[in-house]
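Novice: Please work from the sequences and hints to get the whole structure.
Protein chains: 2
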Amino acid sequence: MDSGMNEKTTAELEHLRGLIDGVDQQLLHLLRKRLDLVAQVGTVKHGAGLPIYAPQREAAMLAKRREEAKNMGIAPQLIEDILRRLMRESYLNEKDVGFKQVKKDLGSVVIVGGKGQLGGLFSQMLTLSGYQVNLLDKDDWQQADSLFADAGMVLVTVPIAITCELIREKLTQLPADCILADLTSIKTEPVKAMLEAHSGPVVGFHPMFGPDVGSLAKQVVVVCHGRSPEKYQWLLEQIAIWGARIVEAEPERHDSAMQLVQAMRHFSTFVYGLNLCKEEADIDTLLQFSSPIYRLELAMVGRLFAQSPELYADIIFAQQDSQHAIGDYLDNYREALELLKRGDRNEFIKQFQSVAKWFGDFAPQFQRESRIMLQSVNDMKTN
Amino acid sequence: MDSGMNEKTTAELEHLRGLIDGVDQQLLHLLRKRLDLVAQVGTVKHGAGLPIYAPQREAAMLAKRREEAKNMGIAPQLIEDILRRLMRESYLNEKDVGFKQVKKDLGSVVIVGGKGQLGGLFSQMLTLSGYQVNLLDKDDWQQADSLFADAGMVLVTVPIAITCELIREKLTQLPADCILADLTSIKTEPVKAMLEAHSGPVVGFHPMFGPDVGSLAKQVVVVCHGRSPEKYQWLLEQIAIWGARIVEAEPERHDSAMQLVQAMRHFSTFVYGLNLCKEEADIDTLLQFSSPIYRLELAMVGRLFAQSPELYADIIFAQQDSQHAIGDYLDNYREALELLKRGDRNEFIKQFQSVAKWFGDFAPQFQRESRIMLQSVNDMKTN
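Here the protein sequences line up with chains A and B, keeping their order. Per UniProt numbering, residue 1 is the first one in the first sequence, and the count goes up by one each step. Per UniProt numbering, residue 1 is the first one in the second sequence, and the count goes up by one each step.
Quick caveat, the hints were computed from the structure, so don't treat them as lab data. It cannot be assumed that every hint is accurate.
When chains are identical, the list treats them as one kind, so a pair holds in a single copy or across two.
No farther apart than 27 Å at their CA atoms in a straight line, the calculated lysine-lysine pairs in the DSS-like style are these [what the hints assert, rightly or not]:
| hint | residue 1 | residue 2 |
| --- | --- | --- |
| 1 | Lys115 | Lys350 |
| 2 | Lys357 | Lys115 |
| 3 | Lys341 | Lys278 |
| 4 | Lys70 | Lys33 |
| 5 | Lys33 | Lys64 |
| 6 | Lys103 | Lys8 |
| 7 | Lys350 | Lys278 |
| 8 | Lys115 | Lys138 |
| 9 | Lys231 | Lys170 |
| 10 | Lys8 | Lys95 |
| 11 | Lys357 | Lys278 |
Small disclaimer: the values here were computed from a predicted structure and weren't measured.
Specialist: Right under this line is the structure:
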């Protein structure tokens, strides 16, 4: 009985696994039932024009379930994680129902650059909400005049490098009431260009997510007001109905944050990949020796290089000022390397402690958050 | 009926939410039942000394469930994610049952540095497996001789900077049959020191995870063989029973990989935090403007500073050679910054493409993996 499988062990395990299979069947039926009920909630909300994501209701429901779980000797975090995963699925399914159309008399929407990924996503969301959407791509400019003639909104989503030029040259003859909006990831220059080109309502957006999200639920959309906000208030409501959270910002403040959040971060990730390549690192070996945290970090680097080089060049080269942030990082890196070369462990620890102090309560908060993420990464391992 | 809540909407939503509550009650009961059944599987496995993590059985079970889900119109990924989360919970619960003791006649285990976090984790796992464990910390050396006298294994887990010195000075008089092992995150020097200090069985380990993992299931433990592997084969089996995967490596190859995986990565994360601090970035603002990917990256930086500066100093300063890898990164960063300053977008794209080519199939694989992770991050958002 002491080592390995024998007949009795095999039989016992088989019996228990049969029972687990039975529980899993019931689980699948329950999931089906819950998805259907939430879809019905979606239909009712759709009719009433309510947003699909209701943070307070969600928090209250989760708190109740956590309490019930605790009373049954189940870890509260377990039921919370499972329900959050289920909610994601329901958000995805919202698309099948469609969304309430906030503005009934808009006329058509023209998406300039609509055949790009982000343009495609907005085209889909607008169509699902009952709007008539026309795509205008670089080869279709001969149709532009007729499309613009009855446009209620023109949405620009072309590469950053050509955004302002395109706005200034091609979008000066829009109908007076037409809303001019863009989705560029920097905001100062595009909003300025739109205000100059068009005398009607103007608004700039920056959707803070990649085009591969399945749903806009809980995603952030930054809005920079241009002119006549009362004319596009419905659009903010529409985006909220899709589940996203609207964050208002001054274009300059947004762009300055983006130097750190986007340009510098993407740049150092690019250099990290470049460095691995030049060092001729063996990715297989690195993965073999990887802790969950390093695997996650390597995946974040690798994902960059699965995407469009032009897109990242656009983001990194977009703002002249990003060079300062990127240059500062280089200086700090060089100084820290000097510490290392001198073997000055004490100074390293001193600097570490002052950064930790600066992070304050965010450091333990980030540690808790990342622990949950790392556990998810570990869950996914298959060998 | 067109905008916002009215009485009928409220009543409909309340009714549906009541039904969802009912489904969730059933869900909780099912979870309780499944956890209990898996605990019974654990007890049977415990008796037979089988590992708690069985990759093939797990893969087969998931494939079956995915198929069943598909037939019910449920996304296969949904049931897979939920079951993986449940399996994690069951691994955590394994601890309540304890683990099979592979080696019955070992004598006691002495953990040198046993009051540290990693020492504490191994002490717990060994105790749960029926071994008698004694902790020896820096203030207990007067007891050392009596503890070593009947030790079947001495496990060293003290800061890297003092590991080799401690081994050479304090561990030269162990019983001839005693296994000498360590948990240091570099391996060449410690294994060499152990072989010199002790003539009996010697083995080096590097657990590739933080001490805050709840369970060893699916975690990686690197093993570097020292001397007389047949004498500690049982220990590798014991670690496998805890659920971990053993990866064998030459000490030099391991240490060389660690320069990239640990030293350089931690160093650049340190500089990233230092840089944010010096730029006086406003974390609240950064978070407000964060996409899920940046929030994840910021959390990975912040978590470093919630931990011990000494631990990271140890890792970064441990290997002289790490300076080369760290210095190379600096050179690559500087060159890339020159590109940016020259505005040489074409060369950036060219280099990007050659790194992408070097990543090969790993790039899209990492993109898929990270997409799943980012979705989990988004699930966790509460506002």
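Novice: Does each hint hold? Answer for all of them.
Specialist: Hints, one by one, checked against the model:
{"no.": "1", "hint": "Lys115 <-> Lys350", "verdict": "between (52 Å within a copy, 25 Å between copies)"}
{"no.": "2", "hint": "Lys357 <-> Lys115", "verdict": "between (47 Å within a copy, 26 Å between copies)"}
{"no.": "3", "hint": "Lys341 <-> Lys278", "verdict": "both (22 Å within a copy, 22 Å between copies)"}
{"no.": "4", "hint": "Lys70 <-> Lys33", "verdict": "both (24 Å within a copy, 15 Å between copies)"}
{"no.": "5", "hint": "Lys33 <-> Lys64", "verdict": "both (20 Å within a copy, 20 Å between copies)"}
{"no.": "6", "hint": "Lys103 <-> Lys8", "verdict": "between (69 Å within a copy, 23 Å between copies)"}
{"no.": "7", "hint": "Lys350 <-> Lys278", "verdict": "between (33 Å within a copy, 14 Å between copies)"}
{"no.": "8", "hint": "Lys115 <-> Lys138", "verdict": "within (9 Å within a copy, 66 Å between copies)"}
{"no.": "9", "hint": "Lys231 <-> Lys170", "verdict": "within (22 Å within a copy, 79 Å between copies)"}
{"no.": "10", "hint": "Lys8 <-> Lys95", "verdict": "between (51 Å within a copy, 24 Å between copies)"}
{"no.": "11", "hint": "Lys357 <-> Lys278", "verdict": "between (36 Å within a copy, 12 Å between copies)"}
Going down the numbered hints, you'll see the structure goes against none, and every one checks out.
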